[in-house]
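Trainee: In the order they appear, the protein sequences are chains V and B.
Mapping to this note's numbering: the first sequence position 155 is 155, numbers consecutive.
Mapping to this note's numbering: the second sequence position 43 is 43, numbers consecutive.
None of these hints come from the bench; they were simulated from the model.
Please read these numbers as outputs of a predicted model, since none were measured by experiment.
Some hints here could point you the wrong way.
Partial chain B-side listing against chain V, Cβ under 10 Å, derived [as the list claims (entries may be wrong)]:
(1) Arg181
(2) Pro197
(3) Phe200
(4) Cys272
(5) Pro273
(6) Trp274
(7) Lys275
Distance windows between CB atoms, simulated [what the hints assert, rightly or not]:
(8) Gln172(V) - Thr114(B): 35 to 43 Å
(9) Arg170(B) - Lys193(V): 38 to 46 Å
(10) His8(V) - Val115(B): 45 to 53 Å
Within a straight-line C-alpha distance of at most 20 Å, the following computed EDC-like cross-link-like pairs (lysine to aspartate or glutamate) qualify [claimed, not checked]:
(11) Lys77(V) - Glu65(V)
(12) Lys245(V) - Asp211(V)
(13) Lys275(B) - Glu136(V)
(14) Lys160(V) - Asp178(B)
(15) Lys74(B) - Asp62(B)
(16) Lys160(V) - Glu121(V)
In this text, a Cβ means the ideal position worked out from N, Cα and C, and glycines have one as well.
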Amino acid sequence: MEKQKNVHNKIVCTDIGKTFIQKGTQQVHVLEKISLEVHDNEFLVILGPGQCGKSTLLRIIAGLETPTEGQAFLDGKLITGPGPDRGLVFQSYMLFAWRTVMGNVEMGPKLNGLPKKECREIAKHYIDLVGLQGFEKHYPHQLSGGMKQRVGIARAYANKPQVMLLDEPFGQLDAQTRLFMEKETERIWQTEKRTVVFVTNNIDEALILGDRIATMTGKLPGKMGPVYKVDFERPREPTDMEFLKLRHQITEASELVL
Amino acid sequence: MDTQSVANEVIKSTREKQAFSIIALIRNEYFLYLVSSAAFVLLWHWVAKEQILGKSLATPYDVVKELGRLMTIKLAGKNLFGHAWASTQRILIGFSLAAVVAIPLGLFMALNRTVNAIVKPVFDLFKPMPPIAWISIAILWFGIGEPSKVFIIVIGTFVPCLLNSYNGIRLIEPELYDVIRSLGGNRRHEILQVSFPAAFPAIFAGLQISLSIAWTCVLAAELVSARSGLGWIIVQGMKLTKPELVIGGMLIIALVAWLTTLLVSGLERVLCPWKRHIEGL
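Looking at chain V on its own, in the form it has when it is part of the complex (with noise of 0.2 Å):
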């Protein structure tokens, strides 16, 4: 296996698998041979059905997992555990409920040793790109789910990662909210732009934001299927004929509807 240096690279995975085992000897086939390719500030969309592994390869990117074969590179560097460099979003938001708004977007920066100014200076500034200034003081209870999620982003932004990774972030949210917050990522994305790695299972989604699609077909253990260039002009729009024509082909190609 030869080692990949390619300075437009910012990702690289090569050959990767995993292997879980439960209760001790049942074994987990759950990805084979991925590799993947992620360019310098590009925006990759990882598409594929549910329980096709597409989250533990994020995972595994995010160093919260370790390959059973294959690496991982960031940067050329092998990857073998979390850090401050990828910002992680969830489908399920995870944020901490016993902080308010401020306390939860100005985490990083205060986990990483940033002098208490700084860190509210950093996360008043992500607070109000993802649209929520005048919620500072706010608990994340008391908002509606999309807030919720800007939350997630502007917490993962603040740390200013070179990679943000989102695993299905608006699986939770109703179709009109998750339209809106897909216009609302782009426009976040093209204010400050990062290595975006987008998990979904939604091919309009995908369609929408990303700047290559890399399709992964159904059924454990996932492998990569096709990767489709994006290459129509943003903002796009569901009812284009570019974009419904890459549609058309992506759903002909994979034998699972998206």
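Could you slot chain B onto chain V? The hints should help.
Mentor: Same frame as chain V, but now just chain B:
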């Protein structure tokens, strides 16, 4: 169309309210609270007055009169407040002793496998034992004074305090730790920023349960042997065949126990401000 029909509905309902104010009154829950309480007292009075349950039920008036008498007269050196305080004091001491030891122990057990493996077998042996079962041995060990009563309360409240702080940590969503680690935190941060604050509500739930168990324990201990306290008052009422004294004692226990739960939920409000809007009690 739609908005109009909604508007009509509103007009209709406000008109109904004005026209039939009695219906509105019956639907008012505070009014119903009043009616139901008054009905209960009247029923109680009637049953006692007509001696439907024999002579051993005192009328509400007799009970209130007896309580009034106890406020001024001293029984065994203490008036009513003195006895209520005697019981409350035992509870506060025993309850605090148990909480101070059991809560940190539960937290340690949940966070450290070794501590858990050492403490768990012993704890599991004592866990199913009802605290009242300890009364005789407590009297043998500590005599009939204060220490034996405090001991029973410690025994009774230790288990729920420990179990709740243990479960409070065990039931934390593991992904919350992932958040801390991906933000650049270490194990110490995980414990300080997630484990402890996330366990707080469970710890307070444990304290509330402990408190009601503490009242059961202190009464049982006072019924067996005591020279003061609300349990002792009830025993006096029984010995003197004075139902008004027994019922009065029971009512005061309910009142004081309720006040102590208010104390704990007040403390929870101060320490867990994020729970303030969820709480229903």
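Trainee: Against which earlier hints does the structure fall short, listed by number upward?
Mentor: Failing hints: none at all.
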